[in-house]
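Read top to bottom, the protein sequences are chains A and F. Taking our numbering, the leading residue of the first sequence gets 1, the next gets one more, and so forth. Taking our numbering, the leading residue of the second sequence gets 568, the next gets one more, and so forth.
None of these hints come from the bench; they were simulated from the model. Here a beta-carbon is modelled for each residue, glycine too, at the ideal position from N, C-alpha and C. Warning: the hint list may mix true and false statements.
[As the list claims (entries may be wrong)] Pairwise CB distance ranges (calculated):
id : chain 1 : residue 1 : chain 2 : residue 2 : range
1  : F       : HIS765    : A       : VAL510    : 54 to 64 Å
2  : A       : ASP102    : F       : THR917    : 31 to 41 Å
3  : F       : SER734    : A       : ASP290    : 23 to 33 Å
4  : F       : GLU591    : A       : GLU552    : 27 to 37 Å
5  : A       : LYS342    : F       : GLU788    : 31 to 41 Å
6  : A       : PHE210    : F       : LYS730    : 10 to 20 Å
7  : F       : GLU844    : A       : GLY320    : 51 to 61 Å
8  : F       : ASP885    : A       : GLN31     : 48 to 58 Å
9  : F       : LYS641    : A       : GLU552    : 54 to 64 Å
10 : A       : ASN535    : F       : ILE985    : 46 to 56 Å
11 : F       : ILE825    : A       : LYS518    : 47 to 57 Å
[What the hints assert, rightly or not] Straight-line distance between alpha carbons at most 35 Å, and here's what the computed DSBU-like set of lysine-lysine pairs gives:
id : chain 1 : residue 1 : chain 2 : residue 2
12 : F       : LYS641    : A       : LYS513
13 : A       : LYS361    : A       : LYS527
14 : A       : LYS55     : A       : LYS502
15 : A       : LYS531    : F       : LYS641
16 : F       : LYS727    : A       : LYS530
17 : A       : LYS220    : F       : LYS727
18 : A       : LYS409    : A       : LYS261
19 : A       : LYS508    : A       : LYS545
20 : A       : LYS513    : A       : LYS19
21 : F       : LYS980    : A       : LYS502
22 : F       : LYS892    : A       : LYS342
23 : F       : LYS730    : A       : LYS527
24 : A       : LYS361    : A       : LYS63
25 : F       : LYS964    : A       : LYS531
26 : F       : LYS730    : A       : LYS518
27 : F       : LYS980    : F       : LYS892
28 : A       : LYS508    : A       : LYS45
29 : F       : LYS667    : F       : LYS980
30 : A       : LYS220    : F       : LYS839
31 : A       : LYS342    : F       : LYS804
32 : F       : LYS810    : A       : LYS342
33 : F       : LYS641    : F       : LYS667
34 : A       : LYS409    : A       : LYS430
35 : A       : LYS409    : A       : LYS489
36 : A       : LYS531    : F       : LYS980
37 : A       : LYS518    : F       : LYS964
38 : A       : LYS530    : A       : LYS63
39 : F       : LYS964    : A       : LYS530
40 : F       : LYS730    : A       : LYS545
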Amino acid sequence: MQVTSSKKLLSKYKIMAIKLSGGKIYDPAHQVDGEQRDLYIVGEKIYHELPDQEKVTQTYDLKGCIVMAGAIDLHTHIGGGKVNIARTMMLEDQHQHPQEGDHLCRTGCGHAVPSTFTAGYRYAEMGYTACFEPAVLPVNARQAHMEMADTPMVDKGGYVLLGNDDFLLNMIEQGVAQSTINDYVAWILNASQCIGIKVVNPGGIHAFKFNQRRLDVDEKGPANITPREIIKKLSRAVHELGVPHPLHVHASNLGIPGNFKTTLATMSAAEGLPIHLTHIQFHSYGAEGDYNFSSAACEIAEAINSTPNVTADVGQIMFGQTITTSGDTMMQYFGHEHAYPKKWTVMDIECEAGCGVIPFKYRDKSFVNALQWAIGLEIFLQVDDPWRVFLTTDHPNGAPFTSYPHLIKLLMNRSFRNDAFNIINVDAQKMSNLSSMDREYSLYEIAVMTRAAPAKILGLSDHGHLGEGASANITVYTQQDDVEQMFAKPALVFKNGQLIVKEGQIVKTVHGKTHVIKPEYNEDIEKPLKKYFDNYQTISLPNFKISDDEMEECIGSSITVHPCVRD
Amino acid sequence: MQFNNVTCPHCGLLCDDLSLEVNEGLVRLISPSNSPCAAAFEDASINGKLPSAQINGKDVSLDAAIERASEILKNASQPLINGMIADVQASRATVALAEKTGAVMDHANSSTMRPNVAVMQRIGKVKTTLSEARNRADNVIIFGSQVLTRFPRLIERILKPEKSLGSEDTLSKTITILDAADCETSDQIDRHEGLDYHKVNASSLDTIIQAFHSIIQETPELTDDTDSMTRTLVELKNTLLSKNYTVLIWNTGLLDPIAAEQTIQTLTLMIKSLMTEIRCVGMPLGGSKGEITANQVVTWQSGVPLPTAFMSGVPIHDPVTHNAKAMLANQEADAMLWLSTYRSTDTPPTTDIPTIVVGHANMQCDNVAVFIPVGVPGIDTRGLACRTDSVATLPLKKIRDINLPNASDIIEKITQQI
Numbered sequence: 001m002q003v004t005s006s007k008k009l010l011s012k013y014k015i016m017a018i019k020l021s022g023g024k025i026y027d028p029a030h031q032v033d034g035e036q037r038d039l040y041i042v043g044e045k046i047y048h049e050l051p052d053q054e055k056v057t058q059t060y061d062l063k064g065c066i067v068m069a070g071a072i073d074l075h076t077h078i079g080g081g082k083v084n085i086a087r088t089m090m091l092e093d094q095h096q097h098p099q100e101g102d103h104l105c106r107t108g109c110g111h112a113v114p115s116t117f118t119a120g121y122r123y124a125e126m127g128y129t130a131c132f133e134p135a136v137l138p139v140n141a142r143q144a145h146m147e148m149a150d151t152p153m154v155d156k157g158g159y160v161l162l163g164n165d166d167f168l169l170n171m172i173e174q175g176v177a178q179s180t181i182n183d184y185v186a187w188i189l190n191a192s193q194c195i196g197i198k199v200v201n202p203g204g205i206h207a208f209k210f211n212q213r214r215l216d217v218d219e220k221g222p223a224n225i226t227p228r229e230i231i232k233k234l235s236r237a238v239h240e241l242g243v244p245h246p247l248h249v250h251a252s253n254l255g256i257p258g259n260f261k262t263t264l265a266t267m268s269a270a271e272g273l274p275i276h277l278t279h280i281q282f283h284s285y286g287a288e289g290d291y292n293f294s295s296a297a298c299e300i301a302e303a304i305n306s307t308p309n310v311t312a313d314v315g316q317i318m319f320g321q322t323i324t325t326s327g328d329t330m331m332q333y334f335g336h337e338h339a340y341p342k343k344w345t346v347m348d349i350e351c352e353a354g355c356g357v358i359p360f361k362y363r364d365k366s367f368v369n370a371l372q373w374a375i376g377l378e379i380f381l382q383v384d385d386p387w388r389v390f391l392t393t394d395h396p397n398g399a400p401f402t403s404y405p406h407l408i409k410l411l412m413n414r415s416f417r418n419d420a421f422n423i424i425n426v427d428a429q430k431m432s433n434l435s436s437m438d439r440e441y442s443l444y445e446i447a448v449m450t451r452a453a454p455a456k457i458l459g460l461s462d463h464g465h466l467g468e469g470a471s472a473n474i475t476v477y478t479q480q481d482d483v484e485q486m487f488a489k490p491a492l493v494f495k496n497g498q499l500i501v502k503e504g505q506i507v508k509t510v511h512g513k514t515h516v517i518k519p520e521y522n523e524d525i526e527k528p529l530k531k532y533f534d535n536y537q538t539i540s541l542p543n544f545k546i547s548d549d550e551m552e553e554c555i556g557s558s559i560t561v562h563p564c565v566r567d
Numbered sequence: 568m569q570f571n572n573v574t575c576p577h578c579g580l581l582c583d584d585l586s587l588e589v590n591e592g593l594v595r596l597i598s599p600s601n602s603p604c605a606a607a608f609e610d611a612s613i614n615g616k617l618p619s620a621q622i623n624g625k626d627v628s629l630d631a632a633i634e635r636a637s638e639i640l641k642n643a644s645q646p647l648i649n650g651m652i653a654d655v656q657a658s659r660a661t662v663a664l665a666e667k668t669g670a671v672m673d674h675a676n677s678s679t680m681r682p683n684v685a686v687m688q689r690i691g692k693v694k695t696t697l698s699e700a701r702n703r704a705d706n707v708i709i710f711g712s713q714v715l716t717r718f719p720r721l722i723e724r725i726l727k728p729e730k731s732l733g734s735e736d737t738l739s740k741t742i743t744i745l746d747a748a749d750c751e752t753s754d755q756i757d758r759h760e761g762l763d764y765h766k767v768n769a770s771s772l773d774t775i776i777q778a779f780h781s782i783i784q785e786t787p788e789l790t791d792d793t794d795s796m797t798r799t800l801v802e803l804k805n806t807l808l809s810k811n812y813t814v815l816i817w818n819t820g821l822l823d824p825i826a827a828e829q830t831i832q833t834l835t836l837m838i839k840s841l842m843t844e845i846r847c848v849g850m851p852l853g854g855s856k857g858e859i860t861a862n863q864v865v866t867w868q869s870g871v872p873l874p875t876a877f878m879s880g881v882p883i884h885d886p887v888t889h890n891a892k893a894m895l896a897n898q899e900a901d902a903m904l905w906l907s908t909y910r911s912t913d914t915p916p917t918t919d920i921p922t923i924v925v926g927h928a929n930m931q932c933d934n935v936a937v938f939i940p941v942g943v944p945g946i947d948t949r950g951l952a953c954r955t956d957s958v959a960t961l962p963l964k965k966i967r968d969i970n971l972p973n974a975s976d977i978i979e980k981i982t983q984q985i
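Bound-form chain A, shown alone (with noise of 0.2 Å):
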């Protein structure tokens, strides 16, 4: 790659206008598949062609390079209060990968549950351009969005945690009219700063803490309502207020042998309405076979494929130690036997939510665990539209995310999938279909399902693509045959025009922003609310919420709005 510029141009105009000259271009979201053009980049944003009165002042020759708009993730666990646990508690894991610090970086270390700088360090060198945490607790949202305001380098958001917040639960026992709830949603929303709505074990981390082990979709808890009825109400009041986002859903069952019937049946709840699928692998589980364990990713993805209306992500597990965090505080204590190293976290947390955190190491020869690994490629390859299926490792919890590079390897390249495939336990091998799988990721459906599929589904409109007007967020890859090399090592990365990485190298640091959103809502839903405050919670109802100069001011990250809208 051949750079120039002028450094006369460079001080006669204000706005550098850069070139990205000759390079693949791949931007899914205007059908674009490999082409070559020149891009160029003017402040923040992309232009096709160089607007009038700006000059050229630096071009990157990119033949021989592939162009994609910046990588997006959609589920990572970056920020909160469990990811502070997990550091807590990998202390090994920590001091075992130092990040030394410089000019430009500041210090951390960790590998599974990184620092906040290393995190973001991490995600620019393999281009991504912003992460988006699925669990903050309402109660938890400052440190959340302060743990993310620290994590540099990527625009950052977060989905909030309702579904088993007793203040919702009862609304939908006494059987308030939805636009009730749809107030409380929105409200929310605004009050902790996110961007969606993320519902984990619907009613069922409520009911654990009455003693309650498991909680099927249509089995009632303690509040008397069942899981279905709070998917309802809650995709309903996402629809409704026109949140870009669907329903966010970490179904009940999760790693249950034969959960997949209560993911299908999640998958109903939503009664046609969009509804996002978290680590669908994790929930994919058939009780077959000598270990009463098999694979139900077919079933699972041909419900995909059949149902318009959903969406997931796959949660993929790659073999190695991690750490798992979430809020499922009924299915983290059901695993908690394997942990590994055996200990494990539990927390009740203030009438709305939990918290669950175990160190897992995940094994190729373990039947189970090589079984997961594979049940999570067959729905990667078994799901035909790549704008409905997400890569993700639900990390940490399946593998750190600096791990996606091997996993893209691994839905691009059949051998290499087969030569892995091949290793692993042998009673896993013939419990999976894997090996028989032709189907080959290509770069266009890779750049749909990292760049502009979780634009499209976060309502990020200038983000994941390379329209002009976008967000000047482009990662340029150097192509060669190794493309976990390739995605591992961007040439370039820029982040709202400016060039972030190059060589997988940190070569200027910068903050992102917040993503948020706030639907309009009833002013009225304060009043029970502040009832609901003053009665039953040791924070008051003022205190609880998070205004946009906090953001700016002490939590140190400013906030960006997406529009809300209706079909």
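Place chain F on chain A using the hints.
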């Protein structure tokens, strides 16, 4: 002028229903009345001239003090950043300073924080938060009545609520408080009705906890010779097994410093064994000097908890080797920055190494190398603080404007000049 919904940072409960009156430099707690925290707020009052920055006890300009502080830290071979009694923003600034100077960071309440962290690292934990305890618990066991003195509104705000989301049993919780023979009984015991208080014949709270664990594992046969402590604890076990949600409360500072880690491990193992059948959770209380805040910030920014050593250029958590108390005793630090913003009484430990104090404006610090008075978070500066349960973060308001600088600004300026 009156301010409502003010957060109190003077214990880890972070009650946020306070009303304060500010009259120029004077601060007064209006409600709750008769609160032991009133004195801590009055401590922030400044009548007349603002205290000046000082070098060796002599008034100097703020810039000169910052410059001198930078020089001291720059020339030190092994600086120590200590105290850390501060809000989020100042804690953030301190991490950057520690990185740049290769310092060891530790907290004034490090010794009481460490046993909880160590046990979490070894076996994990099972915990609950304040609102959960308030609404869900029907049974509470408190180890040490002094917990009530240290967390003065625990009973009023958490354990004896007027209303509850739960059943009648959660409104009238069974609250048992255990003291060892030598424990001083909290005067709060007589102020609240219905507390089941036992002073048992044991040498320490740690002994009671170990005995309770044994009884939880296996109920001894009661005979005429059975001692009264065993009888009390067996009764407590029977109550616990009949209840729906039991919360065990302790404060590490009340435990035997040598045994505390073992004791907390025992508590955690006990809770985990009970959890196979029933719901039982821990609720350790701490955070009276902002240690929860400092530890949270350091953990997310550096990746490891306090104490944190940056001497090798990367963060290391080795509390045995690198902790402030040992470093000062063994003369392993040659300069110290003491950050203490909430109370004038949280002064630095006596040491003969050059000490920089970024401190509460009313702090008396004549004998330190540099003293820089700063605003009190929640009075002079806006900020954030983390509660005892490490879950809730509360806003601290700016309610007075007398031109006291932010501690974070001062630390950032010191860092910039190094």
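Each hint tested on the structure:
Between HIS765(F) and VAL510(A) the C-beta distance comes to about 60 Å, which sits within the given range of 54 to 64 Å. Distance hint check: the CB atoms of ASP102(A) and THR917(F) are about 37 Å apart, consistent with the given range 31 to 41 Å. At about 46 Å, the CB distance of SER734(F) to ASP290(A) disagrees with the hint of 23 to 33 Å. For GLU591(F) and GLU552(A), the hinted distance range of 27 to 37 Å is satisfied, since their beta carbons lie about 29 Å from each other.
Between LYS342(A) and GLU788(F) the CB atoms are about 33 Å apart, so this pair conforms to the stated range of 31 to 41 Å. Taking the beta carbon of each, PHE210(A) and LYS730(F) are about 19 Å apart, inside 10 to 20 Å as hinted. Against the hinted window of 51 to 61 Å, the Cβ-Cβ separation of GLU844(F) and GLY320(A) comes to about 35 Å, which falls outside the hint. For the hinted restraint 48 to 58 Å between ASP885(F) and GLN31(A), the CB-CB distance of approximately 56 Å keeps it satisfied.
Here the CB-CB span from LYS641(F) to GLU552(A) is close to 32 Å, at odds with the stated 54 to 64 Å. Taken as a hint, the range 46 to 56 Å holds for the pair ASN535(A) and ILE985(F), whose Cβ atoms sit roughly 51 Å apart. Distance hint for ILE825(F) and LYS518(A): a CB-CB separation of about 54 Å, consistent with the stated range 47 to 57 Å. This hinted pair checks out: LYS641(F) and LYS513(A) have alpha carbons roughly 34 Å apart, not beyond 35 Å.
For the proposed pair LYS361(A) and LYS527(A), the alpha carbon gap of about 48 Å is over 35 Å, so the pair is violated. Between LYS55(A) and LYS502(A), the direct Cα distance comes to roughly 23 Å. Compliance with the 35 Å bound is thereby established for this hinted pair. About 54 Å separates the Cα atoms of LYS531(A) and LYS641(F), which puts this hinted pair outside 35 Å; it is violated. Distance hint between LYS727(F) and LYS530(A) is fulfilled; the C-alpha atoms sit about 20 Å from each other, no more than 35 Å.
Between LYS220(A) and LYS727(F), the direct Cα distance comes to roughly 30 Å. Compliance with the 35 Å bound is thereby established for this hinted pair. Annotation: proposed proximity of LYS409(A) to LYS261(A) holds, straight-line Cα distance about 31 Å (limit 35 Å). A C-alpha spacing of about 34 Å is found between LYS508(A) and LYS545(A), which places the hinted pair at or below 35 Å, so the restraint holds. In summary, the hint linking LYS513(A) to LYS19(A) is supported, as the alpha carbons are separated by about 25 Å, within the 35 Å threshold.
Between the alpha carbons of LYS980(F) and LYS502(A) the distance comes to roughly 31 Å, so the proposed pair stays at or under 35 Å and holds. Restraint check for LYS892(F) and LYS342(A): the C-alpha separation of about 31 Å stays at or below 35 Å, so the hint holds. A distance of roughly 17 Å separates the Cα atoms of LYS730(F) and LYS527(A); the hinted pair therefore holds under the 35 Å criterion. Using a Cα cut-off of 35 Å, the hinted pair LYS361(A) and LYS63(A) is violated, with the two alpha carbons roughly 42 Å apart.
For the given pair, LYS964(F) sits about 23 Å from LYS531(A) by alpha-carbon distance, which is consistent with the 35 Å threshold. For the hint pairing LYS730(F) with LYS518(A), the CA-to-CA distance comes to about 32 Å; that is within 35 Å, so the pair holds. With a C-alpha separation of about 27 Å, the suggested pair LYS980(F) and LYS892(F) falls inside the 35 Å cut-off, and the hint holds. Between LYS508(A) and LYS45(A), the direct Cα distance comes to roughly 18 Å. Compliance with the 35 Å bound is thereby established for this hinted pair.
For a cut-off of 35 Å, the pair hint linking LYS667(F) to LYS980(F) stands: about 13 Å separates their Cα positions. For the hint linking LYS220(A) to LYS839(F), the alpha-carbon distance of about 27 Å falls within 35 Å, and the restraint holds. This hinted pair checks out: LYS342(A) and LYS804(F) have alpha carbons roughly 27 Å apart, not beyond 35 Å. Only pairs whose Cα atoms come within 35 Å are accepted, and LYS810(F) paired with LYS342(A) is accepted, the gap being roughly 29 Å.
Between LYS641(F) and LYS667(F), the direct Cα distance comes to roughly 9 Å. Compliance with the 35 Å bound is thereby established for this hinted pair. Restraint check for LYS409(A) and LYS430(A): satisfied, since their Cα atoms lie roughly 23 Å apart, inside the 35 Å limit. Between LYS409(A) and LYS489(A), the direct Cα distance comes to roughly 14 Å. Compliance with the 35 Å bound is thereby established for this hinted pair. Of the pairs offered as hints, the one joining LYS531(A) and LYS980(F) is violated, with about 45 Å between alpha carbons and a cut-off of 35 Å exceeded.
Note on LYS518(A) and LYS964(F): the hinted pairing holds, with a Cα-Cα distance of about 24 Å set against a maximum of 35 Å. The suggested pairing of LYS530(A) with LYS63(A) is violated, with an alpha-carbon distance near 61 Å, which exceeds 35 Å. Our distance criterion of 35 Å between C-alpha atoms is met by LYS964(F) and LYS530(A), whose separation comes to about 20 Å. For the hint pairing LYS730(F) with LYS545(A), the CA-to-CA distance comes to about 23 Å; that is within 35 Å, so the pair holds.
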